[in-house]
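**Q** Residues per chain are reported as follows:
Number of protein chains: 2
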Amino acid sequence: MFVILVYDVGVKRVNKVLKTCRRYLHWVQNSVLEGDITEANLIKLKTELKSIINDNEDSVIIYKFRTKKYHNIETLGIKKGGEENIL
Amino acid sequence: MFVILVYDVGVKRVNKVLKTCRRYLHWVQNSVLEGDITEANLIKLKTELKSIINDNEDSVIIYKFRTKKYHNIETLGIKKGGEENIL
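Top line first, the protein sequences correspond to chains A and B.
Under the UniProt record's numbering, the residues of the first sequence are numbered 1 to 87, in order.
Under the UniProt record's numbering, the residues of the second sequence are numbered 1 to 87, in order.
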């Protein structure tokens, strides 16, 4: 499945959240990651994130798509991230 | 069509970009907006954004989906934004 993950977390937790996410997805832009991921890995990622974030302050949104077939991506300005290898 | 728009722009331009985007989409989280939009309005939004952003520094990514059917959204932590009315 293809996911887009966006996060809005306290500054003390940003690095840890980013580092955790980058083990599963690739960085696209400030607080945005995307990539193909298995259901099992997504469960692992969510479990790890839940142990990091503050439920009352932080927000992580995961858009999950069964297929990449029905969407396309357009960038205005520069392309910051990319599909660099993960792990 | 349903879109997710994420932006990573210079601090001097953030307010103007957000204000422009909020006329078409609803704010979800820091630098993330989403919503249903017509092709014509998306073209208008992109034209307005191009006149605001600095092509060499800023990045706006628009994920476009023909249908909402194939995806679902999960939030960890708090839900910051919402479908408040636009305009």
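Fair warning: there could be bad hints in the mix.
Identical chains blur together in the list; that is why a pair holds if it fits in one copy or across any two.
Stated by the list, open to error - Here are the computed lysine-lysine pairs in the BS3-like style, where the Cα-Cα straight-line distance is at most 27 Å:
#, residue 1, residue 2
1, 79, 50
2, 79, 19
3, 12, 68
4, 80, 12
By construction, these hints were calculated from the structure, which means they are not laboratory data.
Just so you know, these numbers come straight off a predicted model, no measurement behind them.
**Q** Next step is simple, just say for each hint if it's right about the structure.
**A** The hints, checked one at a time:
no.	hint	result
1	79 x 50	between (29 Å within a copy, 14 Å between copies)
2	79 x 19	both (20 Å within a copy, 22 Å between copies)
3	12 x 68	neither (34 Å within a copy, 34 Å between copies)
4	80 x 12	both (23 Å within a copy, 19 Å between copies)
This entry does not satisfy hint 3, going by the numbered hints stated previously; all others are met.
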